[in-house]
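Keeping the supplied structure of chain A fixed, place chain B upon it in accordance with the hints.
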Amino acid sequence: MLRRSPYWLALLAVAIVEIVGHYVVQSRVVTDADWARASARVRTAWEPGDLIVPAPEWSDPLVRRELGDLLSLSDAGRSDVSRYRRLWTMSIRGHRPREAPDGPPEHVEVVGPITILRWALHPERVRYDFLEHVESAEVALGDRACRWDRGRPRGGGLGAGPIEAGERHLCDPRRPWLWVGTTVMEDLELRPRHCIWQHAAAPEAVSATFRDVPLGDRLVLAAGLYYEHERTLERGPVEVGVFLEGVEIGRLVHRDGDGWKELSFSTRVPARGAREVGTVRVEVTAPDPHLRSLCWAATTREGAP
Amino acid sequence: MSRPFGARDHLVGLVLATSYIALLLASSAELGMSRDEGFYVEAANRYAVWFEQLFADPSAATTREAVQRGWEYNHEHPSLVKSAFALSHLAHQRWDLFPTPSMAYRFPGMLSGGLLLWLIYVFAARAYGRQVGVFAALAFALMPRIFYHSQLDCFDVPIAFALTAVAYCWWRSVADWRWAIPLGVVFGLALETKHNAWTMPAILWAHWVFVALARRSRGGEPGWRRGAFMTFAIVGPLLALGGTLYFGVLVPVLATETSLDYELVGHPALALFPIPLYLVLLALAARLAGATRWTRFVPWGLLAMAVIGPLLFVALWPWMWFDTAARFREYAAFHLNHVHYNMAYLGVNYFQPPLPVSYPWVMTLFTVPLVTLALALSGIGARARALLPPGLLERVWPVGKAEPDASSTDVLVFGMMLAPLVVISMPWTPIFGGTKHWFPAYPFLAMFAGIAFVFVARAVRERLPAWVPAPKYTARLGVAALLLAPAAIETIHSHPFGLSHYTYAAGGVPGAADHGMNRQFWGFTTGSLTGWFNEAMPSGGTVWICDTTWTAWRMLQQDGLLSDDIRASGDLYGSDYAIVHHEHHFVEVDYQIWAAWGRVAPAHVLTYDGVPIISVYENPRRAARRAAHSSGVTPVR
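Here the protein sequences come in this chain order: A and B.
Reminder that position 87 of the first sequence reads as 87 in the working numbering, one-by-one numbering, no gaps.
Reminder that position 6 of the second sequence reads as 311 in the working numbering, one-by-one numbering, no gaps.
Hints are supplied without guarantee of correctness; some may be wrong.
What the hints assert, rightly or not - Partial list, derived from the structure: chain B residues whose beta carbon lies under 10 Å from chain A:
id, residue
1, ARG763
2, HIS798
3, TRP837
4, ALA841
5, GLY915
Worth flagging that the hints you see were computed from the coordinates, not collected in a lab.
Even glycine gets a Cβ: it sits at the ideal position worked out from N, Cα and C.
This is chain A alone, in the form it adopts within the complex (with noise of 0.2 Å):
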């Protein structure tokens, strides 16, 4: 019976689905072309402010080809899309970033197999971006000030972590992970973050005092630690702690698990008085500092979150 069935016949016809469906997946393919005159038409609506993201994710490095002169390390490592006015995104395939707002987009325009998307956020007003300022910044490891150094970027590789700034301050020759400078570091979920790399050490703590900071309303804090020291979910905290004028304002508790983290605090505390400025000093430790590298960023906004 199963000799005479008709079922086989139909294994030649799995064979014509794979055959069609493999030239309607090629006709389908986004070429070098396609990008070039998407991203034409977004460089010539682009404005200082937008944020340009990929749809899906896999298609990054082909937008950045495109636009990644739009793109600062700032936007491409960002903690969140709290600080821009448009989203861009040139989707392919349907997908939708992750970062877009919930509603329909303002603008669709279609190019080819690429459609170009843009939403309107909503920005905070950002005082005061930490990255910025990390050269004029007081870094001490413990009571022992750090040094001011301008040199080359060194590291590279897999599994060989972020690269050490070409310009950063030096904290021990012996520990040459205890320098705190900015860098681009990969996250718990291979995200990039631009952060301020402030290794953990003990028993002293590892502290960055920036002076003359506008305070603004709150502090958004975000921290995280290099996947290849996170992801086995199986070494102690790091703590950051936010201190203004010398009092603590927040603590940010990092555990494995935790991926990029961040948190908000109030810089409307009575140690402010009635100052714009103020002088904000941030603290890294853990007890055991054995592979912590902690990276942060921090800006100081205006408005309720």
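Frame of chain A; chain B shown alone:
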């Protein structure tokens, strides 16, 4: 189930083999060397020096120092295949046999691929008929990942060939004990090819259970005596092999490791006893049960494997000639405690076990042509009755077309197909990642596909309207062409991106990217960038090469694909260009380049079906120099 077979059949096998090797030689010319190939080229070069010494002065070559010098590098893998690479390389040096140096190293791998087609044909034709044999060989050859790996100087296709050869010799030995000796030799060669071979005795013993049960009617009159005899016929080989392995391998290895007292754990000389003891006891049990021809209840092949295999393993691997126990222990420890590779699967980057149990099954679905899989499953369905254990078959499925043969061939083919996939599915198996680790399953999967093909061809022929002229082979050839066409189209399309290729079942390469599947490993795609680099750096320059090895880069230059003055660099910040091979966990390198060079835009993205494979970044200082040069301004360095 062995069918009539003659010289003309071997001619078919020869044609299949030579055609495939010719195709592989032609296609490999544009395939850049991958990471692991680079290591094996290094090993082959050292072995080649040793072989030259061996030819010139054998006594000097066999000293401890000479062996140490020649064979220490990459001693975590056995030497047989690398020796073949070395000898091919030496032959090329002497007679200039190949168009490029890479091809010389790779030729033994291609030869394995070709010979494997020949063997698949022979095995399947003998077991199921010539049509099955031809179709199975072609279906195997036209798996995109098989085609890719068949071009390399690596172990994965050679071990698939070796294990298929072990299964074939075993199958023959079940019917004819004289095949036990070739089986022992082939098993020794398999052990010397790759460590997968150590799993073979367990698989073959499981098959032996079916064979022994099928012969139970000759085990004497029904009753407890026959029961005892049959039990010993099944369990005895396990005890004999286990005892031989324990005393012959484990005791010497463990004793030197832990300073165990031989009096407590047994002496290695005791390894001589388990097999004879087993044979004596089996003969006595047979006499007691009244069994006729008790020797038919001895798996001679397994015994030969236990005796010849390990001896050949040591004899052919010079590294094992000195400090054998310690070095074997190191070899075993390397593979038992293998590092875990990063592997992206359905959007998650796995870096330590367990990988999901579904991993090898879904990867097989996504990388083997869909129609080949559908045929294989249908073939299994068609032979399902023959897979049931004797005794159970008569009770649960008494009547059916598929009859098991005396050698339980279907069970062997099914077991060989299933075992590699099951091993990789186990939660304690290290993360290896690539489909290549279960390649030994595919020859047998292809055989089941071949079985189904015959059913399809027959169904078509029977349904052809009377007015359609149908010469003897027309329908068969037409059906074969249609069923193999998707595989052929996909294999052609996969070149030279074999490891990045996914079939229609995954939605093609873009569909696999959507699913978050691994896009490549070994940095094998660098060869596809040579044209771009030659054009971008007409006066030479440096490239930070990410996952590419220095040897692989050098081979691109020796093969004439890449200009000699475009040098590999280990200095990311100072190089002219830097590349990133797109695997999930390699994004770290993207970010390093962004941070080092202060920009996020790649100068070039190598794509395959629109999916990024490699990003190339240009150092901004070089870009500035280039811009200044083209505008006539003196560049500032």
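Checked hints:
With a cut of 10 Å, the hint placing B/ARG763 at the interface with chain A holds, because the nearest CB-to-CB distance is about 7 Å. Hint status for B/HIS798: holds, given a least beta-carbon distance of 7 Å to chain A, under 10 Å. Given hint, B/TRP837 at the interface with chain A, is violated; its Cβ is 13 Å from that chain's nearest Cβ, farther than 10 Å. Interface hint at B/ALA841: violated, since its Cβ lies 14 Å from the closest Cβ of chain A, which is beyond the 10 Å cut-off.
Interface hint at B/GLY915: satisfied, since its Cβ lies 4 Å from the closest Cβ of chain A, which is below the 10 Å cut-off.
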